[in-house]
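Q: Please take these sequences and the hints and turn them into a complete structure.
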Amino acid sequence: MDKIKLPKLLIAGAIFYVVIQILIHTGVLNGYFVVIINRSLIFVILAATLNLINGITGQFSLGHMGFAAVGAYTSGTITTLVYHLSPRSFTDNLIFLAAIVIGGIAAAVVGFLIGFPSLRLKGDYLAIVTLGFGEIIRTILNNIDYVGGPRGLLGIPKFSNFTVIFLFTFFTIVLLRNLVISSHGRAMLSIRENELASELVGVNTTRYKVLGFVVGAFFAGIAGGLLCHLLQIAHPTQYGFYASALILIMVYAGGMGSLTGSIIAAFSLTFLTEGLRVGIDWLRDTVGIPIGSEWTMVIYALLLIFIMLFRTEGFMGMKESSILIIEEKKV
Amino acid sequence: MGSIFSFQQIVNGLQLGAIYALIALGYTMVYGIVRLINFAHGDFFMVGAYAAYAAFYMFNFFLPQGNGLAFAVLIVAMIGGAAVALLSNQFAYKPLRYKPRLSSLVTAIGVSMLLEYLFSALPFIGPSPRGFPELLMKHMYRFGSAEISNYVVIDLAVAAVLMIGLTYLVRRTPLGKAMRAVSQDKDAAKLMGIDVEMVIGFTFAVGGAFAGAAGLLAGLTYPRIQPYMGILPGLKAFIAAVLGGIGNIPGAVLGAFIMGLAETFATAYNSLLGEGIAFVILIVVLLLRPNGILGEKTADKI
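Chains as they are written, first to last, in the working numbering: chain A, 3 to 333; chain B, 48 to 349.
Calculated from the structure, these hints are not laboratory results. Since the structure is predicted, the reported quantities are computational estimates derived from the model, not experimental observations. C-beta atoms are modelled at their ideal positions from N, C-alpha and C, and glycine is treated no differently. Don't take every hint at face value.
Unchecked claim - If we take Cβ atoms under 8 Å as the criterion, some of the chain A residues that face chain B in the derived model are:
no.	residue
1	L133
2	L156
3	G157
4	E296
As the list claims (entries may be wrong) - Quick list of in silico lysine to any residue cross-link-like pairs, SDA-like style, CA-CA up to 25 Å:
no.	chain 1	residue 1	chain 2	residue 2
5	B	K146	A	I146
6	A	K124	B	I122
7	B	K141	A	G319
8	B	K146	A	T28
9	B	K146	A	F172
10	A	K321	B	L143
11	A	K124	B	A315
12	B	K146	A	L123
13	B	K141	A	R313
14	A	K124	B	F326
15	A	K124	B	R144
16	B	K146	A	F317
17	B	K146	A	A16
18	B	K233	A	T314
19	A	K124	B	A193
20	B	K233	A	L311
21	B	K233	A	L305
22	A	K124	B	Y145
23	B	K146	A	E276
24	B	K233	A	R188
25	B	K146	A	E197
26	B	K141	A	E315
27	B	K185	B	G173
28	B	K141	B	Q56
29	A	K124	B	L152
30	B	K141	A	L311
31	A	K124	B	G79
32	B	K141	A	R188
33	B	K146	A	G157
34	A	K124	B	L183
35	B	K141	A	L305
36	A	K124	B	L143
37	B	K141	B	A236
38	B	K146	B	R82
39	A	K124	B	Y104
40	B	K233	A	N163
A: As structure tokens, this is what we get:
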């Protein structure tokens with residue numbers, strides 16, 4: 003195993019962070035854009051980890067937002083409770099970090115419980131189980147009064163800011179990149195290429211499928227925690243099929259198995275969503291054409307179908323930007 | 048109300064099961080022939096319900112409310128379901144037939160989203176629920192402690208007639224023989240002179256027509272239709288197909304009736320459990336008997 007070198011990715015991350023910070027402090031980017039950038043970064047986590055499940059391990063999960071919901075509600079409940087007991091203590095940020103990680107762990111546990119029965123089997127069972135799971139988790143959240151039921155979990159303290167979200171996103175990307183390049187990652191890739199052949203050369207396919215799934219669920223939980231501490235609310239409808247499908251579109255638009263593609267797609271589609279929303283509002287209020295926000299999803303559905311029909315490999319295919327590639331030592 | 052397992056509940060469960068069975072048949076036939084979980088199938092059901100809704104108000108201009116009108120509406124619902132199934136097959140699934148299976152699965156999700164959001168975005172349909180018209184007069188009959196409406200009889204009769212027709216089609220006609228051949232081995236079927244694409248298209252059309260009929264029955268029985276009404280019944284019918292053994296036609300019907308009964312009993316016990324019972328059944332089946340009740344164990348060819 004080669005030594006893992008970080009510099010190129012570290013430099014790219016640092017440049018991105020400094021540039022955005024300068025733009026914020028000089029007032030080029032107003033608060034509205036900062037929120038969109040924060041959301042984009044959270045979607046980078048979600049898309050990149052779904053890519054680990056769908057693109058790299060070749061399994062098919064449809065309920066990624068369900069895991070985000072578990073993470074969001076778990077961490078949101080913890081911080082809200084603690085914050086009400088002792089607001090503004092110096093341990094705030096530590097508790098926030100702990101809550102986010104606990105949310106991730108809770109999501110990972112749920113991921114294991116869901117993934118273990120369905121991933122033992124070959125075929126498309128995971129797709130339908132995760133789709134069902136997404137619906138179930140929404141029904142459950144709608145019915146638990148302690149976390150607000152259909153009103154949602156309100157009054158979550160605002161702990162997420164650009165720096166925190168950026169650090170988590172950066173850490174996720176580094177970890178995923180290293181995982182993919184490791185022997186575990188190669189085992190996962192071999193499952194995608196040919197599960198039977200992979201099994202025949204001695205890869206414990208179930209173990210790696212469950213591993214990929216649980217890692218994906220863990221980070222989805224973290225992303226959910228960050229999202230609810232950014233928006234200060236966790237609402238069952240935020241985590242429905244609509245949202246899971248949006249992340250799926252990001253993965254396929256960016257390219258299955260390409261982390262670079264997921265990053266680019268998460269940014270472009272988050273901005274596109276905002277653009278479409280503004281455009282539809284403009285058409286409705288200024289031009290007077292009575293159209294609803296449903297057209298955004300019609301456009302996304304068509305986008306998904308067209309990607310599959312005409313550019314199945316997505317924007318980046320399986321290529322990675324050179325920033326994310328680790329140079330191997332020549333033997 | 049009586050106990051959870053009263054005669055009334057059994058009848059309600061069978062009625063729900065009949066609707067699930069019609070949807071599950073489409074899932075299982077399409078899966079059997081092209082190995083695709085057609086996520087959009089639940090939305091074909093929704094399209095059928097809307098086609099029936101539109102047909103009722105159009106035909107009601109010149110046909111009096113009654114059996115003739117109901118029959119015409121049923122035909123339109125089936126044609127609507129079949130048409131949307133054929134269109135999806137032609138434009139979304141056919142070009143991907145020989146690409147990796149995951150691509151078709153993703154496209155199916157795209158088609159499903161497109162139908163749902165297009166229906167709720169179109170101004171003359173809209174996202175809000177609509178009441179389904181009373182197609183036929185509702186009568187109640189008393190059997191001991193249970194009250195049974197003629198809708199139960201209609202649901203079960205329509206489902207039974209369609210299923211018998213399907214059995215005849217698959218077992219006795221040349222087209223049915225071709226369907227069975229394609230589901231066994233597409234390439235060999237092609238070599239025997241079967242027009243494989245025609246057979247696949249026909250299978251989609253039959254599945255869509257059954258889903259359309261189910262849409263009408265569901266609209267009649269639970270008189271509220273909306274663009275997202277297909278998601279949950281579609282999911283539950285799929286689970287029913289897995290429970291019976293996916294790809295197996297009698298299995299789908301058996302699984303659907305078990306699902307309908309289980310859901311009715313569970314709902315009578317606790318409404319939250321009723322929502323989740325399908326999922327519990329799916330996990331148990333996957334753990335204990337992944338090939339389903341009537342499914343055969345298949346081995347991978349190397």
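Q: If a hint holds in the structure, say so; if it does not, say that too.
A: Verification of the hints:
1. L133: holds, 6 Å
2. L156: violated, 23 Å
3. G157: With Cβ-Cβ at 26 Å, over 8 Å, it is violated.
4. E296: Since chain B brings a Cβ to about 4 Å from A:E296, closer than 8 Å, the hint holds.
5. B:K146 to A:I146: violated, 44 Å
6. A:K124 to B:I122: violated, 39 Å
7. B:K141 to A:G319: holds, 22 Å
8. B:K146 to A:T28: violated, 50 Å
9. B:K146 to A:F172: Distance of about 34 Å is beyond 25 Å: violated.
10. A:K321 to B:L143: holds, 23 Å
11. A:K124 to B:A315: Roughly 35 Å separates the two Cα atoms, so the pair is violated.
12. B:K146 to A:L123: Holds, at roughly 22 Å.
13. B:K141 to A:R313: holds, 16 Å
14. A:K124 to B:F326: holds, 19 Å
15. A:K124 to B:R144: Given that 25 Å is the threshold and the Cα spacing comes to 20 Å, the pair holds.
16. B:K146 to A:F317: holds, 18 Å
17. B:K146 to A:A16: violated, 41 Å
18. B:K233 to A:T314: With a Cα-Cα distance of about 24 Å, the restraint between B:K233 and A:T314 holds, given a limit of 25 Å.
19. A:K124 to B:A193: violated, 45 Å
20. B:K233 to A:L311: holds, 22 Å
21. B:K233 to A:L305: violated, 30 Å
22. A:K124 to B:Y145: Holds, at about 19 Å.
23. B:K146 to A:E276: Given pair B:K146, A:E276 is violated - Cα atoms ~33 Å apart, limit 25 Å.
24. B:K233 to A:R188: violated, 33 Å
25. B:K146 to A:E197: Given that 25 Å is the threshold and the Cα spacing comes to 17 Å, the pair holds.
26. B:K141 to A:E315: holds, 18 Å
27. B:K185 to B:G173: With Cα atoms ~28 Å apart, B:K185 and B:G173 exceed 25 Å; violated.
28. B:K141 to B:Q56: This hinted pair is violated, its Cα atoms lying about 43 Å apart.
29. A:K124 to B:L152: Distance ~15 Å between A:K124 and B:L152 Cα, so the pair holds.
30. B:K141 to A:L311: The given pair, whose Cα atoms are some 10 Å apart, holds under the 25 Å limit.
31. A:K124 to B:G79: holds, 16 Å
32. B:K141 to A:R188: Between B:K141 and A:R188 the Cα gap is close to 33 Å, so the pair fails against 25 Å, i.e. violated.
33. B:K146 to A:G157: violated, 48 Å
34. A:K124 to B:L183: Between A:K124 and B:L183 the Cα gap is close to 46 Å, so the pair fails against 25 Å, i.e. violated.
35. B:K141 to A:L305: holds, 18 Å
36. A:K124 to B:L143: holds, 21 Å
37. B:K141 to B:A236: holds, 17 Å
38. B:K146 to B:R82: holds, 12 Å
39. A:K124 to B:Y104: Between A:K124 and B:Y104 the Cα gap is close to 47 Å, so the pair fails against 25 Å, i.e. violated.
40. B:K233 to A:N163: violated, 56 Å
In summary, the numbered hints that this structure violates are 2, 3, 5, 6, 8, 9, 11, 17, 19, 21, 23, 24, 27, 28, 32, 33, 34, 39, 40.
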